Amino acid sequence: MSVVFEKPHALTDAVLHYCPGCTHGIIHRLVAEVIDELGIEGDTIAVASVGCSVMAYNYFNVDCVQAAHGRAPAVATGVKRSDPSKIVFTYQGDGDLAAIGTAETVHSAARRENITVIFVNNAIYGMTGGQMAPTTLPGQVTQTSPYGRDVEKVGYPVKVCELLSNVDGAAYLERVAVNNVQNVKKAKKAIKKAFQNQIEGKGFSLVEVVSTCPTNWGMTPQKALEWVDEKMIPYYPLGVYKDIYAEEEK
Amino acid sequence: MAKVTFETDLCKGCGLCVGACPKGIVKLSMDVLNAKGHHPAEVTEPEKCIGCAFCATMCPDCVIKVER
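If you read the sequences in order, they're chains V and B. For what it's worth, the numbering used here labels the leading residue of the first sequence as 1, then goes sequentially. For what it's worth, the numbering used here labels the leading residue of the second sequence as 1, then goes sequentially.
Be aware that one or more of the hints could be misleading.
[Said to hold, decoys possible] Among the chain B residues that face chain V by a calculated CB cut under 8 Å, a handful are:
no.	residue
1	K3
2	G15
3	G19
4	K23
5	V32
6	G37
7	H38
8	E42
9	T57
10	M58
11	P60
12	I64
13	K65
14	V66
15	E67
Everything labelled a hint here was simulated from the structure, so no lab data went into it. Only a predicted model underlies this, so the values are computations on that prediction, with no experimental measurement involved. By construction, the Cβ of each residue, glycine as well, lies at the ideal position given by its N, Cα and C atoms.
So that you can see chain B by itself, here it is in the shape it has in the complex:
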């Protein structure tokens, strides 16, 4: 079981984490705007997360913390 937490207000919605996720479960939440006015990234199906931290590796803004 892995846990991924996003520092949502730091996210710039660039989507590099979305492209990096091997399970395809990181998405931009299109119905949410953060403090910066971007659509922040989120994990849609947390139970499928394998904790590989690929999303965090590609995140330019250190938004993502991964625990496993």
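Next comes chain V alone, as it looks inside the complex:
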């Protein structure tokens, strides 16, 4: 009998602080599995963001830097440029990357920094208690939009992959989801490609993972996965938004 599934080595034994059913845990594990498979554990440096994933440094078995809110790609730029032999990735939520960190994200993409960005989009501010985020869907009820997001008053959600696909410097952009087994497998493939791109010096790679927040959405974990299918994916279509090397590889 051989082991077909167990906890990856690149995750520590620390118990995840995330709420029951939060898909952050799945995404952490996918990143750790990729680090294991590529054999880069000793050469990887993570940059944690602010938000629910603020304590990512407790969970990844690699060196970590904790960046100020939204500044993870800027910190990652510094880390990568000071030692280009290291594999540097950021792990950020939508409140971090798509709100206060928009400038850092766009400009690190424009500079084609050779870093990997894991962007977890759950359409809400999780850690602070469920306020409306830039990625909150039109009509979505949150603590600060109790009657649903009114686009006439507060504008439309920010679609990060679509936005960055117009930035010439971005090398690889893909949006994936983790709401079922098939999508989790696809998400892992995308994350692996984003890390491989960096190893091969291909430049800025971002994987947007459509995630859940059962607690702040006010749903059971299973219902939240269904909500991703029904509401999130139609608004945030999955797929590759940019891959400047795809033509060469053909």
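Given the coordinates of chain V, assemble chain B onto it according to the supplied hints.
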């Protein structure tokens, strides 16, 4: 023959494994509370398990180890 083991005290009882099991044999044990106070997941009919590891794939907390 497949073997699924749960690190019961890490389980938060979210039930994502329950929804992922194609054989419908993963259940939350409603008469058990773990150290965290959740009803942990378990396999009710281990002989029916095909070792697909779908439950482990969806588990956010790396509770499940699958051998085949």
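Given a cut of 8 Å on the nearest C-beta pair, is the interface hint for E42 (chain B) held or broken against chain V? violated, 16 Å
Given K65 (chain B) as an interface hint, is the shortest Cβ-Cβ distance to chain V below 8 Å? For K65 (chain B), the interface hint holds, since the closest Cβ of chain V sits about 5 Å away, which is under 8 Å.
Hold the hint about T57 (chain B) up to the distance rule: shortest CB distance to chain V must be less than 8 Å. holds, 5 Å
Holds or violated: is the Cβ of G15 (chain B) closer than 8 Å to a Cβ in chain V? Holds. Min distance 6 Å.
Given hint P60 (chain B) near chain V, where the shortest CB pair must fall under 8 Å: holds, 3 Å
Verify the interface restraint on M58 (chain B): the C-beta must sit less than 8 Å from at least one C-beta of chain V. holds, 6 Å
Given K23 (chain B) as an interface hint, is the shortest Cβ-Cβ distance to chain V below 8 Å? Not OK, violated: K23 (chain B) not within 8 Å of chain V, min 13 Å.
Hint check: is the beta carbon of H38 (chain B) less than 8 Å from a beta carbon of chain V? Holds: closest Cβ of chain V sits about 7 Å from H38 (chain B), inside 8 Å.
Let's test the interface hint: is any C-beta of chain V closer than 8 Å to that of V32 (chain B)? violated, 16 Å
Quick check on the hint: I64 (chain B) CB to chain V CB, less than 8 Å? Hint holds; I64 (chain B) Cβ to chain V Cβ min 7 Å, cut 8 Å.
Does G19 (chain B) pass the interface check with chain V, least Cβ-Cβ distance below 8 Å? Holds - the Cβ of G19 (chain B) comes within 8 Å of chain V, reaching about 5 Å at its closest.
Closer than 8 Å between Cβ atoms is the bar; does E67 (chain B) clear it against chain V? Give me holds or violated. Hint holds; E67 (chain B) Cβ to chain V Cβ min 5 Å, cut 8 Å.
Going down the numbered hints, you'll see the structure goes against 4, 5, 6 and 8, while the others check out.
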